[in-house]
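What follows is each chain in one-letter form.
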Amino acid sequence: AQSVAQPEDQVNVAEGNPLTVKCTYSVSGNPYLFWYVQYPNRGLQFLLKYITGDNLVKGSYGFEAEFNKSQTSFHLKKPSALVSDSALYFCAVRDIDGGYNKLIFGAGTRLAVHP
Amino acid sequence: DAGVIQSPRHEVTEMGQEVTLRCKPISGHDYLFWYRQTMMRGLELLIYFNNNVPIDDSGMPEDRFSAKMPNASFSTLKIQPSEPRDSAVYFCASRNRAPNTGELFFGEGSRLTVL
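Quick mapping for you: the protein sequence lines, in order, are chains A and B.
Counting from 1, one number per residue, gives the positions in the first sequence under our numbering.
Counting from 1001, one number per residue, gives the positions in the second sequence under our numbering.
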C-alpha cells in the first residue's frame, strides 16, 4: 500500500532562514508526489508536484521540493522563510492501488515562522 | 474560475439532527472527492465520484453517512442522524480527468459541530 510520512508535527524557523519540511514515501512503482498548504480556516492549496524528470521541483510562493529516490524522500524547502509561510503543510502520494484516482495525505506539519 | 464552492461554511447542530453539506465543483472537472479533517485522524477520504457515479465509498464511516451527485455541478454529503463524533471540517475537492496527474482543487470546507 502507498503511504507518506511526515515525521515532524511542527517546524519552527526564524524569518529569513531556510526552511525544510520533511516527507518520506512508500510506494510500489514510480511515485506521484505532491505538497499542499493549508492556511487557517481555508482549504488545501496545491504547491507543487513531482511526476517525472528533474528531481528538483519548483512550485508556488518560492517553494521547491527535492525528490530523492534512494532515500524515498520528497522534502519541501524554501531558501528564505516568511512569516506569511506559517501554515499547515501536507505531503501526498497518488494511490496506485486505488486506481490512480486517490491521493493519500500525510498527517501534516505545522510550520511556524517567527519574526 | 470561482473554484470549488461549499456550503454552509459553518454548521452547528444538535445530536440526532440531519446535516446536509453541499458542494459545487469546478466546471468541467470529472472527479469529485469528499474529505473529512479532524485533529485525531487528519485528512480522510470519505468517497469520490467520477462523472457523477460513486466509485469508492470505502471511507464512509457508517450508514449514517450518504453522498450523492445528481449532476456534474452539485454534490451533497448527508449525515443522519448526526453524532458529536462527526464534528469535523468536511472538504470537497475536484479535478480534471486529463491530465491525470492527480492535482486536486479544494473548497474552503464546512466546519460541522454536533452538540
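Bear in mind the hints are in silico, worked out from the structure with no lab data behind them.
These figures come from a predicted structure and were not determined experimentally.
Misleading hints may appear alongside valid ones.
35 Å max Cα-Cα, derived DSBU-like pairs, lysine-lysine [as the list claims (entries may be wrong)]:
#	chain 1	residue 1	chain 2	residue 2
1	A	77	A	58
2	B	1078	A	77
3	A	49	A	22
4	A	49	B	1024
5	B	1078	A	49
Stretch-level coverage of chain B by chain A, calculated; a stretch enters the list once three of its residues show a Cβ under 8 Å from a Cβ in chain A [what the hints assert, rightly or not]:
#	segment
6	1012-1018
7	1071-1080
In this text, a Cβ means the ideal position worked out from N, Cα and C, and glycines have one as well.
- Message: Of all the hints numbered above, which does this structure not satisfy? Sort the numbers upward.
- Response: Per hint list: 2, 6, 7 violated.
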